[in-house]
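Starting from the given sequences, assemble the full structure and let the hints guide the process.
Spelled out from the first residue to the last, the chains are:
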Amino acid sequence: MTSRRGSHSPAGFGKSLPERGLLLLVLLVLLEGSVLPLGAAGSPDTSHHTKAGNSAGNGTGNVTHKKAFPVLSLDYHHIQTPFEISLWVLLASLMKLGFHLIPRLSGIVPESCLLIVVGLMVGGLIKLAGEEVPPVLDSQFFFLCLLPPIILDAGYFLPIRPFMENLGTILIFAVIGTLWNAFFIGGLLYAVCQIQPANPSNLHQLELLPCLLFGSIVSAVDPVAVLAVFEEIHINELLHILVFGESLLNDAVTVVLYHLFEEFSEVGTVTVLDCVLGIISFLVVACGGVLVGAIYGILAAFTSRFTSHTRVIEPLFVFVYSYMAYLSAEMFHLSGIMALIACGAVMRPYVEANISHKSHTTIKYFLKMWSSVSETLIFIFLGVATVDGKHDWNWTFVTVTVILCLVARVIGVVGLTYMINKFRIVKLTTKDQFIIAYGGLRGAIAFSLGFLLKKELFPLREMFLTAIITVIFFTVFVQGMTIKPLVELLAVKKKQEAKRSINEEIHTQFLDHLLTGIEDICGHYGHHHWKDKLNRFNKKYVKKCLIAGERSKEPQLIAFYHKLEMKQAIELVESGGGVKMPSAMPSTVSMQNIQPKKPPLAKPVERALPQLPKGREEEIRKILRSNLQRTRQRLRSYNRHTLVADPYEDGLGDLLIKKQKMIELEKKIKDMNNYLTVPAAPPDSPTMCRARLASDPQAYHTKSVSDSVPAIQVDLASPQSPDSVNMMDEFRRAGQQQQQQEDQGLTMRPPSRPGEAGGARDPQKLTRCLSDPGPSADEEEDEPFLCWFLSRPKQR
Amino acid sequence: MGSNSSNMNHIPDGQQLLQDTGFSAAQIIRLYERFEFLDKDNTGHLRPEDLETVPDLDMNPIGARIIGAFFPPGKETLDFGSFVRILAHFLPADSNRTRAGAQQEPANSTTGKLRFAFQLYDQDRDGKISRDELLQVLRSMLGLQVTEEQLQCIAERAIQEADADKDDAISFDEFRKSLEKVDIDHKMSIRFLR
Numbered sequence: 001m002t003s004r005r006g007s008h009s010p011a012g013f014g015k016s017l018p019e020r021g022l023l024l025l026v027l028l029v030l031l032e033g034s035v036l037p038l039g040a041a042g043s044p045d046t047s048h049h050t051k052a053g054n055s056a057g058n059g060t061g062n063v064t065h066k067k068a069f070p071v072l073s074l075d076y077h078h079i080q081t082p083f084e085i086s087l088w089v090l091l092a093s094l095m096k097l098g099f100h101l102i103p104r105l106s107g108i109v110p111e112s113c114l115l116i117v118v119g120l121m122v123g124g125l126i127k128l129a130g131e132e133v134p135p136v137l138d139s140q141f142f143f144l145c146l147l148p149p150i151i152l153d154a155g156y157f158l159p160i161r162p163f164m165e166n167l168g169t170i171l172i173f174a175v176i177g178t179l180w181n182a183f184f185i186g187g188l189l190y191a192v193c194q195i196q197p198a199n200p201s202n203l204h205q206l207e208l209l210p211c212l213l214f215g216s217i218v219s220a221v222d223p224v225a226v227l228a229v230f231e232e233i234h235i236n237e238l239l240h241i242l243v244f245g246e247s248l249l250n251d252a253v254t255v256v257l258y259h260l261f262e263e264f265s266e267v268g269t270v271t272v273l274d275c276v277l278g279i280i281s282f283l284v285v286a287c288g289g290v291l292v293g294a295i296y297g298i299l300a301a302f303t304s305r306f307t308s309h310t311r312v313i314e315p316l317f318v319f320v321y322s323y324m325a326y327l328s329a330e331m332f333h334l335s336g337i338m339a340l341i342a343c344g345a346v347m348r349p350y351v352e353a354n355i356s357h358k359s360h361t362t363i364k365y366f367l368k369m370w371s372s373v374s375e376t377l378i379f380i381f382l383g384v385a386t387v388d389g390k391h392d393w394n395w396t397f398v399t400v401t402v403i404l405c406l407v408a409r410v411i412g413v414v415g416l417t418y419m420i421n422k423f424r425i426v427k428l429t430t431k432d433q434f435i436i437a438y439g440g441l442r443g444a445i446a447f448s449l450g451f452l453l454k455k456e457l458f459p460l461r462e463m464f465l466t467a468i469i470t471v472i473f474f475t476v477f478v479q480g481m482t483i484k485p486l487v488e489l490l491a492v493k494k495k496q497e498a499k500r501s502i503n504e505e506i507h508t509q510f511l512d513h514l515l516t517g518i519e520d521i522c523g524h525y526g527h528h529h530w531k532d533k534l535n536r537f538n539k540k541y542v543k544k545c546l547i548a549g550e551r552s553k554e555p556q557l558i559a560f561y562h563k564l565e566m567k568q569a570i571e572l573v574e575s576g577g578g579v580k581m582p583s584a585m586p587s588t589v590s591m592q593n594i595q596p597k598k599p600p601l602a603k604p605v606e607r608a609l610p611q612l613p614k615g616r617e618e619e620i621r622k623i624l625r626s627n628l629q630r631t632r633q634r635l636r637s638y639n640r641h642t643l644v645a646d647p648y649e650d651g652l653g654d655l656l657i658k659k660q661k662m663i664e665l666e667k668k669i670k671d672m673n674n675y676l677t678v679p680a681a682p683p684d685s686p687t688m689c690r691a692r693l694a695s696d697p698q699a700y701h702t703k704s705v706s707d708s709v710p711a712i713q714v715d716l717a718s719p720q721s722p723d724s725v726n727m728m729d730e731f732r733r734a735g736q737q738q739q740q741q742e743d744q745g746l747t748m749r750p751p752s753r754p755g756e757a758g759g760a761r762d763p764q765k766l767t768r769c770l771s772d773p774g775p776s777a778d779e780e781e782d783e784p785f786l787c788w789f790l791s792r793p794k795q796r
Numbered sequence: 001m002g003s004n005s006s007n008m009n010h011i012p013d014g015q016q017l018l019q020d021t022g023f024s025a026a027q028i029i030r031l032y033e034r035f036e037f038l039d040k041d042n043t044g045h046l047r048p049e050d051l052e053t054v055p056d057l058d059m060n061p062i063g064a065r066i067i068g069a070f071f072p073p074g075k076e077t078l079d080f081g082s083f084v085r086i087l088a089h090f091l092p093a094d095s096n097r098t099r100a101g102a103q104q105e106p107a108n109s110t111t112g113k114l115r116f117a118f119q120l121y122d123q124d125r126d127g128k129i130s131r132d133e134l135l136q137v138l139r140s141m142l143g144l145q146v147t148e149e150q151l152q153c154i155a156e157r158a159i160q161e162a163d164a165d166k167d168d169a170i171s172f173d174e175f176r177k178s179l180e181k182v183d184i185d186h187k188m189s190i191r192f193l194r
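First to last, the sequence lines map onto chains E and Y.
Under the UniProt record's numbering, think of the first position of the first sequence as 1, with each following residue one higher.
Under the UniProt record's numbering, think of the first position of the second sequence as 1, with each following residue one higher.
In short, the hints are calculated from the structure, not lab data.
Just to be clear, a hint being listed does not mean it is correct.
Here's a subset of chain Y near chain E, in silico, CB distances under 8 angstroms, partners left out [claimed, not checked]:
#1 Pro55
#2 Phe90
#3 Arg115
#4 Ala117
#5 Val137
#6 Glu161
#7 Ala162
#8 Leu179
Here are the simulated distance ranges between beta carbons [unchecked claim]:
#9 E:Leu167 x Y:Pro72: 54 to 64 angstroms
#10 E:Asn535 x Y:His186: 13 to 23 angstroms
#11 E:Leu283 x Y:His186: 28 to 38 angstroms
#12 Y:Pro12 x E:Asn535: 30 to 40 angstroms
#13 E:Trp395 x Y:Lys177: 57 to 67 angstroms
#14 E:Lys544 x Y:Gly74: 42 to 52 angstroms
#15 E:Leu316 x Y:Lys181: 17 to 27 angstroms
#16 E:Val414 x Y:Asp132: 50 to 60 angstroms
Built from N, CA and C at the ideal position, the CB exists for glycine as well.
Below is the structure:
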């Protein structure tokens with residue numbers, strides 16, 4: 001087994017990054033291709049070796065003649081399976097890295113295509129090496145390990161509102177559309193196979209039931225493929241949820257049809273009773289799946305209510321309950337996908353109200369990570385399995401399948417839309433229909449289902465697999481690659497970067513109430529009426545059970561408002577305080593725990609402050625600059641599954657506090673000969689600290705609100721970086737001084753004393769600040785804010 | 001339903017309504033049935049008390065406002081024509097038929113819908129949503145669950161965000177602008193049964 005590692009040497013350091021990336025890619029593929037067979041080949045050798053060693057050892061026991069103690073030995077067999085799995089995962093991740101290093105490529109070709117190609121290459125390499133390709137897309141492995149993370153990720157982050165609003169449409173597409181596809185394709189395929197009586201081929205032995213089974217396998221739109229392709233084209237929310245929702249919900253139909261036809265194929269005949277049972281079975285599968293998922297979801301939500309003392313394992317509950325929901329559903333042959341979606345969707349609002357922010361971030365990142373790796377692996381394995389499997393290429397069968405898939409989809413979508421539009425308020429246009437039809441991608445689920453077919457019952461299994469793979473390749477490559485330009489061409493509405501404003505939220509709720517009222521007046525029990533009833537039931541009973549403590553009463557608007565404030569505070573920090581907010585700023589920083597209270601804002605207070613000598617001013621600048629350095633957090637916007645830049649990283653919270661304090665400080669110095677002028681900080685968000693402060697258990701304690709002015713405290717018990725401690729302590733001490741209270745953390749009070757001689761306290765505070773200049777100023781980065789900030793003194 | 005012009009004879013202004021609003025004859029008949037149902041004392045007019053008997057409306061945070069919208073200040077009774085005209089705001093916009101003599105702006109266009117909603121905020125009809133009016137709405141929607149300070153903050157922020165001309169109130173255009181991302185047509189339409 002020759003090592004191919006030496007065959008490629010990355011020559012020329014002057015090459016640009018994309019080329020280097022490409023080279024890296026090829027290297028990795030070769031590496032992978034060479035190591036895997038090495039592993040496979042190595043294991044028999046080493047096992048021989050160890051056996052020989054053992055026998056020699058035994059021999060020694062009998063004969064007592066000394067053999068050298070093996071200082072270093074190779075035992076690949078011992079670690080083979082996990083090692084290979086890790087290698088595959090590593091390959092998948094490195095591929096992902098590589099693709100994003102080459103921007104041109106990822107712009108033209110969707111990731112899924114590239115991954116399939118990589119899989120093909122790796123499979124080809126392994127085959128060339130003469131080794132047996134590991135059966136990677138084993139159906140068991142696929143359905144139990146690879147698929148759940150993707151579906152859970154989709155279900156947990158499913159946008160509920162558009163999903164529910166379009167539920168009728170989605171269900172019709174999923175159920176009736178898939179049924180239509182299955183029967184159309186299966187039936188016509190059978191018909192086509194039966195023609196050409198003069199030229200009998202093995203097609204003629206194809207009976208109706210296997211054809212229908214094949215039809216049902218190949219007709220289902222695949223969520224993995226849809227996700228992979230659609231997430232790159234940023235289409236508007238409605239179309240996205242329609243196609244995606246359809247791909248999720250048609251699982252129930254697929255499961256039922258598959259089992260139905262499989263059973264019937266064994267028996268050979270179908271009776272009316274069977275059909276009726278089939279329909280009942282469908283209802284059981286779908287509703288049962290949802291029920292199982294909902295039960296587990298509620299269990300998870302209930303469990304999360306008590307996790308306030310063990311925050312670390314919160315994400316675990318979410319994952320384990322969801323996975324168990326999936327497995328339980330699969331146990332009863334119910335729809336596992338629907339169970340998973342139901343579980344994620346049901347538990348999310350309650351769990352999010354209960355868990356700490358870090359757990360939330362953990363869950364989000366883990367889900368994205370797992371689903372990303374899973375998806376990558378699936379596509380690579382698809383490529384490998386293509387190379388591996390025995391293929392039986394039959395021109396007629398394959399081409400007819402592909403054509404029929406397209407035709408069936410188009411007719412199905414057009415026909416159904418015509419019916420659906422009669423009931424929809426916002427009709428689906430032709431453009432929409434085209435995208436829906438074009439977005440019907442098939443993927444690995446179809447392949448796995450085909451793989452599961454038993455050879456004895458289906459002698460033409462290889463032919464089926466070949467056809468399935470061809471359809472998958474066709475949809476993923478052709479449709480996947482061309483959908484983006486088509487979307488541009490047809491000028492389909494893109495996803496709006498929705499930054500919801502508080503206005504929107506208020507007005508939307510208002511309109512909800514309005515419409516509910518109007519519906520009541522008309523006596524029309526429509527959409528709004530039931531939604532309102534559900535909300536009320538939710539608020540009255542369910543939330544009380546499932547959400548811990550005070551959060552159960554927090555209205556949605558308030559939660560939204562807090563979130564918004566938080567985001568804004570973070571944005572402010574990032575932009576270095578350049579955001580000008582016309583509103584006032586409280587004179588002290590506000591922190592908040594669970595109790596959502598907030599003092600009123602006050603207009604900017606003009607304080608008469610003593611002059612700062614120039615030297616002091618320099619010191620202040622140094623302090624500010626050095627501390628503001630750390631606010632520049634790295635925000636990488638993760639491309640995958642619309643995971644937006646998440647500024648919620650450790651330590652940001654303290655920096656926010658610091659920043660706020662600094663801004664307040666600057667404000668106080670504002671009047672000093674116009675040396676330093678900074679804009680007012682935005683009103684502080686109560687939830688800011690709730691999320692940010694490091695040690696969660698201590699950060700939350702509800703303080704009984706006895707004062708008329710709520711004063712909230714927060715524990716700065718977090719392990720902070722040594723640099724920042726000084727500053728924090730300064731502020732804390734200053735704050736405490738100001739408050740003359742024995743508060744543990746920073747407290748807030750309304751700036752209710754405009755005429756106060758703040759001057760007396762402030763220089764004290766200032767000197768305190770200045771006497772401890774804080775960490776040594778790092779001069780590398782010049783923040784834009786600082787540049788602006790520092791240039792201000794010139795203006796008068 | 002067959003030709004309904006004959007069935008509509010007993011409906012006051014039936015033909016006129018057919019023309020002015022976008023309702024179909026069947027819908028108008030159905031609405032008339034509902035009107036008669038609500039009109040307990042059979043006077044041919046509705047009074048605020050009649051509307052208050054509608055179940056669930058009292059649980060609606062802005063129930064009183066909605067009833068108020070049907071009864072503009074000064075009018076104590078509501079006849080069928082006005083009833084239908086107000087409800088016409090909630091027709092889906094693409095069921096507009098070309099009507100002879102259609103007004104400039106049909107009630108169920110986006111602007112018409114928004115204007116209706118705006119008037120619900122703007123109780124004193126001065127064309128602006130002042131801070132107080134916004135506070136009232138917030139208070140009624142959020143009720144006792146939040147403190148006064150929070151309401152103030154939210155109202156403050158809302159006005160800041162929307163107020164382009166800095167007059168400390170939200171005008172109709174600003175209102176419309178803040179809702180530009182929302183699909184008003186979808187959000188403010190009821191599927192009236194045929």
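Verification of the hints:
1. Pro55: holds, 7 angstroms
2. Phe90: holds, 6 angstroms
3. Arg115: At 13 angstroms from the nearest chain E Cβ, arginine 115 of chain Y fails the 8 angstroms test, so the hint is violated.
4. Ala117: Holds, because the Cβ-Cβ distance from alanine 117 of chain Y to chain E comes to roughly 6 angstroms (cut-off 8 angstroms).
5. Val137: Holds, about 6 angstroms.
6. Glu161: holds, 5 angstroms
7. Ala162: Since chain E brings a Cβ to about 5 angstroms from alanine 162 of chain Y, closer than 8 angstroms, the hint holds.
8. Leu179: holds, 6 angstroms
9. E:Leu167 x Y:Pro72: 54 to 64 angstroms: Violated, since leucine 167 of chain E and proline 72 of chain Y (Cβ atoms, about 38 angstroms apart) do not stay within the stated range.
10. E:Asn535 x Y:His186: 13 to 23 angstroms: Given about 19 angstroms between the Cβ atoms, the range holds.
11. E:Leu283 x Y:His186: 28 to 38 angstroms: Given about 30 angstroms between the Cβ atoms, the range holds.
12. Y:Pro12 x E:Asn535: 30 to 40 angstroms: With Cβ atoms ~38 angstroms apart, the hint holds.
13. E:Trp395 x Y:Lys177: 57 to 67 angstroms: holds, 60 angstroms
14. E:Lys544 x Y:Gly74: 42 to 52 angstroms: holds, 45 angstroms
15. E:Leu316 x Y:Lys181: 17 to 27 angstroms: violated, 37 angstroms
16. E:Val414 x Y:Asp132: 50 to 60 angstroms: holds, 53 angstroms
In this structure, the earlier hints numbered 3, 9 and 15 are contradicted, and the remaining ones agree with it.
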